[in-house]
Amino acid sequence: MVKTMFSKGKIVAKTGNEIMAEAMRQIAPDVVAAYPITPATEIVQIFSQFVADGKVPTEFVAVESEHSAMSATISASVAGARAMTGTSSQGFALMWEMLYIAAGLRLPIVMAEVNRALSAPINIHGDQSDTMGARDAGWIQIYSENSQEAYDNMIQSVRIAEAAKLPAMVTTDGFIISHCMEVAEVYPDADVKEFVGEYKPERALLDYKRPFTLGAIDLQDYYFEHRYQLAQAMRDSKKIILEVADEFKKKFGREYGFYEKYEMDDAEIAIVTIGSAAGTTKAVVDNLRAKGIKAGLIKIRVYRPFPAEEIAKDLSKVKAIAVLDRADSCSATFAPVYLDVVAALYANCGDKAPKAENYVYGLGGREISLEHIEEVYMKLDAVAKGTKKASTQVEYINVRIK
Amino acid sequence: MSAKMIEVRWHGRGGQGAKTAALLFAQAVLTTGKYIQAFPEYGPERMGAPVQSFNRVSDSPITIHCSITEPQFVVILDPTLLDAVDVTEGVGTQGKVIVNTSFSAEEMAKKLGIAKEQVYVVNASKIAEETIGKNIPNTPMLGALVKVIGNLDINGVLNDTKAKLEVKFRSKPEVIEGNIASIKRAYDEVKNS
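Quick mapping for you: the protein sequence lines, in order, are chains A and B.
In this text, residue positions in the first sequence follow the working numbering: the first is 181, and each later residue adds one.
In this text, residue positions in the second sequence follow the working numbering: the first is 888, and each later residue adds one.
The set of hints was computed from the structure by calculation and includes no laboratory data.
Note that beta-carbon positions come from the ideal geometry of N, C-alpha and C, so glycine has one too.
Where hints are given, some of them may not hold.
[To be verified] With a cut-off of at most 27 Å between alpha-carbon atoms, the simulated DSSO-like pairs for lysine-lysine come out as follows:
no., chain 1, residue 1, chain 2, residue 2
1, B, Lys998, A, Lys190
2, B, Lys1034, A, Lys183
3, B, Lys1055, B, Lys1071
4, B, Lys1049, A, Lys190
5, A, Lys532, A, Lys493
6, A, Lys188, B, Lys1071
7, A, Lys471, B, Lys1049
8, B, Lys1078, A, Lys183
9, A, Lys559, A, Lys493
10, A, Lys373, A, Lys462
11, A, Lys441, B, Lys1055
12, A, Lys582, A, Lys565
13, A, Lys568, A, Lys462
14, B, Lys1049, A, Lys183
15, B, Lys1055, B, Lys1078
16, A, Lys499, A, Lys565
17, A, Lys183, B, Lys891
18, A, Lys188, B, Lys1049
19, B, Lys1013, A, Lys462
20, B, Lys891, A, Lys474
21, B, Lys1055, A, Lys235
22, A, Lys235, B, Lys1049
23, A, Lys471, A, Lys429
24, A, Lys183, A, Lys565
25, A, Lys431, A, Lys471
26, B, Lys1013, A, Lys190
[Said to hold, decoys possible] Some residues of chain A that are not near chain B, with every Cβ distance over 12 Å (derived):
no., residue
27, Gln225
28, Ser228
29, Lys235
30, Val241
31, Leu285
32, Asp316
33, Glu325
34, Asp353
35, Gly395
36, Arg415
37, Gly459
38, Asn528
39, Pro534
40, Asp561
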């Protein structure tokens, strides 16, 4: 029987896109600026219908491109509004220049992002190439395994962004979650409203009684300090993220942290991954545990800020790990998540760090099955036992290589 | 996958409502207390082209998000697909196939190349024409699927589908009644002979 965690919660069947739009309706931002066309996904389209039907008082600004969508969202935020947008893939790529400006101006914009492949070749299916490319843009990045997490992450991210004075993006895996209908619990409008609270910006350009300058030229004398402050704000946001998660758990019942540990207490081998593949991996862990293999999983939820010390501590206890990346770096070395995990291990554990392999999977929506994941665990098992050596280069899952 | 989980694959042609059927089925089954997933296979969508959609149903939360390759139940909305698509792929010797056809289960089993025990037939197109007034086989096939799966509550499914249709077709009560009647009839008429 499907049960709610929150006494006033309601069980619904919704796609990832529907539930992110629903979260936006409940958050009821002052302004949403978006360009609702493929590959932007249905999120802002559904939201614009809420606006048209009078179900949310948001001012919806239909712009002519994603570059303009982010520009208009930035302007609204600068003016003092709670501002949101949504996009995906190429649309996200077109926002690039403005992403850095949103972060540099320290604007708490929240974006619903659906992870989809980048062209060329043309492909609109699920992979994380789009947001992984923006991992150093100064945005908080929160990834969701399923619809429920997408909904909960959207609600929390508003609070996180506003307290940290940093923009935040919440993502789901394209099609796999965005277009999959599954069971989720939604909370009453009033409770979400209460949790999110009212946005009171410290400074607002439309507050003409307290004028200030924003976005001015900043040369050798101060630019570096401002960029340091941005980096420091990202470090400081870790505390805020945990505080908001704590309050969320007290209010709605679901527990969130930087990452989820699944069967990690006595794990000897572990996979680290992000997004929907983590759910599939849980089923593999269950199967392996039934056979006596001590497999575990770490699913990263908060990728920026990266919880380096915490993750290194949890992984230091295992013998071999594999980091599964749904984006390649084309850097001739390793993929993004692996680089962060291994750097964290090297800095914190030195020669006590576990053996670590890197696998790239699922580009352009390519299937990742239970069998593929089990193969990785079996390799890790052999590495842990010393019968096989860990690979020193990126390995690829389910791709035809000549 | 867990032994208790049910996996379903729907075959139709673009425009016949294979995606809608999977979504309706999932929503209806959720109201009977089960965990569900519904997802279509996205490709270049064209009217009339072969399309697939999928369901998972379970008593416990469903965490997997990989594709369904060995469905226990296959629903075929359009019998002309039998010559165009390998509809029995992954069905094995235990999976059940439900076909919208006027032919018998024996005849269909021969055509599909699987055992007669695995094949169920129902003339969903005829039922749809007589109840809804149009050849829209997806809603009646929903009733047939509920019957063949066996342990689902048909009344829960009917009530939820009715509620969904009431929102969508507020001004056309005859559409709602027709659809509900089509589900009931297909539930009663689907057979293994």
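These are the hints, each one checked on the structure:
no.: 1; hint: B:Lys998 - A:Lys190; result: violated, 46 Å
no.: 2; hint: B:Lys1034 - A:Lys183; result: holds, 26 Å
no.: 3; hint: B:Lys1055 - B:Lys1071; result: holds, 20 Å
no.: 4; hint: B:Lys1049 - A:Lys190; result: holds, 20 Å
no.: 5; hint: A:Lys532 - A:Lys493; result: holds, 11 Å
no.: 6; hint: A:Lys188 - B:Lys1071; result: violated, 34 Å
no.: 7; hint: A:Lys471 - B:Lys1049; result: violated, 46 Å
no.: 8; hint: B:Lys1078 - A:Lys183; result: violated, 35 Å
no.: 9; hint: A:Lys559 - A:Lys493; result: holds, 23 Å
no.: 10; hint: A:Lys373 - A:Lys462; result: violated, 33 Å
no.: 11; hint: A:Lys441 - B:Lys1055; result: violated, 42 Å
no.: 12; hint: A:Lys582 - A:Lys565; result: violated, 31 Å
no.: 13; hint: A:Lys568 - A:Lys462; result: holds, 24 Å
no.: 14; hint: B:Lys1049 - A:Lys183; result: holds, 23 Å
no.: 15; hint: B:Lys1055 - B:Lys1078; result: violated, 31 Å
no.: 16; hint: A:Lys499 - A:Lys565; result: holds, 9 Å
no.: 17; hint: A:Lys183 - B:Lys891; result: holds, 19 Å
no.: 18; hint: A:Lys188 - B:Lys1049; result: holds, 25 Å
no.: 19; hint: B:Lys1013 - A:Lys462; result: violated, 44 Å
no.: 20; hint: B:Lys891 - A:Lys474; result: holds, 24 Å
no.: 21; hint: B:Lys1055 - A:Lys235; result: holds, 18 Å
no.: 22; hint: A:Lys235 - B:Lys1049; result: holds, 24 Å
no.: 23; hint: A:Lys471 - A:Lys429; result: violated, 34 Å
no.: 24; hint: A:Lys183 - A:Lys565; result: violated, 42 Å
no.: 25; hint: A:Lys431 - A:Lys471; result: violated, 38 Å
no.: 26; hint: B:Lys1013 - A:Lys190; result: violated, 38 Å
no.: 27; hint: Gln225; result: holds, 16 Å
no.: 28; hint: Ser228; result: holds, 20 Å
no.: 29; hint: Lys235; result: holds, 14 Å
no.: 30; hint: Val241; result: holds, 29 Å
no.: 31; hint: Leu285; result: holds, 36 Å
no.: 32; hint: Asp316; result: holds, 28 Å
no.: 33; hint: Glu325; result: violated, 8 Å
no.: 34; hint: Asp353; result: violated, 8 Å
no.: 35; hint: Gly395; result: holds, 41 Å
no.: 36; hint: Arg415; result: holds, 32 Å
no.: 37; hint: Gly459; result: violated, 4 Å
no.: 38; hint: Asn528; result: holds, 30 Å
no.: 39; hint: Pro534; result: holds, 25 Å
no.: 40; hint: Asp561; result: holds, 21 Å
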